[in-house]
Amino acid sequence: MNRLIAGGLAAIAMSLLASTANAETLRVALHGQAGIDAFTPTAERIEKELGVTVEIVEYPAPDKDYMTKLLTELAAGNAPDLFSIPGASDVADMVAAGYLAPVGAELAAWPGYKDFVDVAKQLAVSPDGETYVMPYILGIQQIYFRRDVLEKAGISTEQPKSWADLLDRAKEIKAKTGAYGLLFPAGTSWGGGAFAEGFSHLIIGSSTPQIVTDDGKFDLNGKGVLDVFQFYKDLIDNDLMPVDPLLGPEPWVIPKYEMFPKGELAATTCGSWCYIFDWGRESKNPIPDVTTVVGTWADPGQESGEFVLAGLGAPWAVNAKSANLELAKKALLETGSVDNQIETAARIGNIPSSNAVQADPRFQALTELVPIQAAANHGTYLKQATGMSAVSEGVARATEALLRKETDAAGAQAILVDYVKQTLGDEAVK
Amino acid sequence: MAFDAFQKRKERQLLRLLLPALIPLAVLVIYPALYSVYLSMTNEALTGLAAAKPRFVGVGNYLRLFSDARFWNSLFVTFVFVVGSAIIGQFVIGFIAALALKRKIVGSSVFGAAILLPNAAPEVVAGFMWISMLAGGDHATLSKIMIALGLPWADWLQTFPLFMVTMVNTWRGIGTAMILLTAGLSAVPTEVYEAARMDGANPRQMFMRITLPLMAPTIFLYMLISTVSTISVFGLVYALTRGGPGGKTEVISVYIYNQSFTNFQLGYGAAGAVVALVVSLALGIAYVRSLKVEV
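Protein sequences, first through last, are from chains W and H.
Counting from 1, one number per residue, gives the positions in the first sequence under the numbering used here.
Counting from 1, one number per residue, gives the positions in the second sequence under the numbering used here.
No wet-lab data here; the hints were simulated from the structure.
If you're wondering where the values come from, they're calculated on a predicted model, not measured in any experiment.
Hints may contain errors.
[To be verified] Cut-off 25 Å, straight-line C-alpha distance, at most; resulting in silico cross-link-like pairs (SDA-like, lysine to any residue):
| hint | chain 1 | residue 1 | chain 2 | residue 2 |
| --- | --- | --- | --- | --- |
| 1 | H | K144 | W | E250 |
| 2 | H | K144 | W | E258 |
| 3 | W | K330 | W | D148 |
| 4 | H | K53 | W | D426 |
| 5 | H | K53 | W | E258 |
| 6 | H | K248 | W | K330 |
| 7 | W | K233 | H | A69 |
| 8 | W | K69 | H | D155 |
| 9 | H | K53 | W | E250 |
| 10 | H | K53 | W | K405 |
| 11 | W | K405 | H | D155 |
| 12 | W | K262 | H | R55 |
[What the hints assert, rightly or not] Label-pair restraints from in silico Cβ distances:
| hint | chain 1 | residue 1 | chain 2 | residue 2 | range |
| --- | --- | --- | --- | --- | --- |
| 13 | H | F163 | W | D128 | 25 to 35 Å |
| 14 | W | D128 | H | A69 | 31 to 41 Å |
| 15 | W | Y257 | H | I30 | 41 to 51 Å |
| 16 | W | A375 | H | V27 | 14 to 24 Å |
Glycine included, C-beta positions come from ideal geometry on N, C-alpha and C.
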């Protein structure tokens, strides 16, 4: 009997000790093997420097599923201490929900932050003027095209001067090669990609290049939005864009990972990660000599101009309700280290935000990314506002209706406006 | 007086006996259902301002729901899915299987075991298994069969999405149908058939005038269970198509999930869930009343 009591007391003591140890454990949410592999060395550095245990919790891989799990846990109050946010357009809404801890003071006091390019710092500032995320990498997006396919067919590889020029180029590709001429991600299955990797490329070059007004409302009734949807419609009606795969459950797989490497799709929007993750050395279906075979065009403006789209690449944030808030903030600074930026760039292909990487031989070895990093500061970006997630979903719904040929450009614009009004209230739309 | 006291004591005893079932029912079913009704009248969300400060919107979510073409589409898809898989597919094949098993033909036990096998695989596992059979490309099982037969192949889940999803759910539910209907068949007295045979009834007449009428309560009970459970099928459809392509397989459960956990609008999703609950209840009541089945 005494042994039983002693055993019970020992078990209680051990569980108390375990609880104490848990207080020094940082839980980190990550998804996708490439992301986990990239972060593992940083986790080891955090453990060594802060004397804590880092527990990496693997979340579902598709961005949408990751966000569903993360937001549900944040709402329930049991989310990890530190996490990345795959869709930067979700940041403002997460701030409004009170999920993210402010880290502006910590970043300002951190010596490494002064080396970050201005565009990264500006993108990290939320609509309330505070900074809640570590903008350690950038997604620099342009239009990527199969130079070999175009040259073989005698099609110009020069930078298109306008939307009309881009559309003509796509038609010429279709006519001369039979390949789809141009892909802009669209539809609800692509999640935030329909907005961030599709719509955004066009709206920045339209007659209404910003959709957030100075008072934080959404300007969605303008001509620019209508013209963007008309561009989509022209692509779809002329069979220049592969529509069927975009309506499936994983719409990026067939066009990006199969059709483009085979040359059946000749041009698509993409980010620097395509040179590494989608078609480069980390790809399961790599294109040999990818930087020669695949060229880039800046996004042409509607009438003129060239734009390179810059956005935050999966910024890190700290859970506002973390039991280890101060520790988590210190760990957040480590996620912004040059080491982590380079390790992430090597695995995924995003662009490091710190200019300090230019002096690092490990980054210089990433020859595909070096010139893009140097030009990162010239990137154009969309202003963010609370409710951006609803705009993103509205764009996905509107473009899906276009994909299904259920509406015209004006109808698509009405779908977007109605969805945002219904979700955020009439007053949210100008 | 003594009788009244006895009655009250008996009622208290009954209540005590029911409490172990009533408490979890109240906590896990009734309270969440009532909370969903409340939630459906707010703009509660998983992110944005509404997550921090949800507000009461009355019937706003319902008005929005009834003007949402995707919601009506999901109801239509659910209707086709339920009629196709539960009422036609599972019932017809399950009934044939139950009749075959009753005949004690050679291999009937193996047949019975085989038809129950789909129930052994979890919904999501079954879904992914079927994806490998129905996916696009010439490596998918069904495409290989078509090629072997010299027929054209397709990306089955893209070309015939609702038909394929209905077929997979039929495959999965045949076993349950067969068990329930076998139980119903075994309850039909054999003397009735013997009497009918002596009166010169042929097999068709016996089936139409004896088996079906006497099986009616079982059939309607099965219809009630399978209809309500098919309305709530989620994992299988989500694993197969996530409601796509273009909403062609977005049954009501997937629609509710998409609104609540993909678009993060809990209040609006709850409104959809309440409508689904009302539809299920109405169907249940209609079934029960139509034949006065005692459930």
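Structure-based check of all given hints:
Only pairs whose Cα atoms come within 25 Å are accepted, and K144 of chain H paired with E250 of chain W is accepted, the gap being roughly 23 Å. Simply put, K144 of chain H and E258 of chain W have alpha-carbon atoms about 20 Å apart, close enough for the 25 Å limit, and the pair holds. Taken as a hint, the K330 of chain W and D148 of chain W pair is broken in the structure, with Cα atoms around 47 Å apart against an allowance of 25 Å. At roughly 18 Å between alpha-carbon atoms, K53 of chain H and D426 of chain W fall within 25 Å of each other, so this suggested pair holds.
Taken as a hint, the K53 of chain H and E258 of chain W pair is broken in the structure, with Cα atoms around 45 Å apart against an allowance of 25 Å. In summary, the hint linking K248 of chain H to K330 of chain W is not supported, as the alpha carbons are separated by about 48 Å, beyond the 25 Å threshold. Between K233 of chain W and A69 of chain H the CA atoms are separated by roughly 21 Å; this keeps the pair inside 25 Å, and the hint holds. The suggested pairing of K69 of chain W with D155 of chain H is violated, with an alpha-carbon distance near 30 Å, which exceeds 25 Å.
Of the supplied pair hints, the one linking K53 of chain H and E250 of chain W is violated, its CA atoms being roughly 34 Å apart against a limit of 25 Å. For the proposed pair K53 of chain H and K405 of chain W, the alpha carbon gap of about 38 Å is over 25 Å, so the pair is violated. For the given pair, K405 of chain W sits about 20 Å from D155 of chain H by alpha-carbon distance, which is consistent with the 25 Å threshold. Restraint check: the Cα-Cα separation between K262 of chain W and R55 of chain H comes to about 52 Å, which exceeds 25 Å; the hinted pair is violated.
Distance hint for F163 of chain H and D128 of chain W: a CB-CB separation of about 51 Å, inconsistent with the stated range 25 to 35 Å. Between D128 of chain W and A69 of chain H the beta carbons are some 36 Å apart, a value that agrees with the proposed interval 31 to 41 Å. The hinted range of 41 to 51 Å is satisfied by Y257 of chain W and I30 of chain H, whose Cβ atoms lie roughly 48 Å apart. A C-beta distance of roughly 60 Å is found between A375 of chain W and V27 of chain H, which places it outside the suggested range of 14 to 24 Å.
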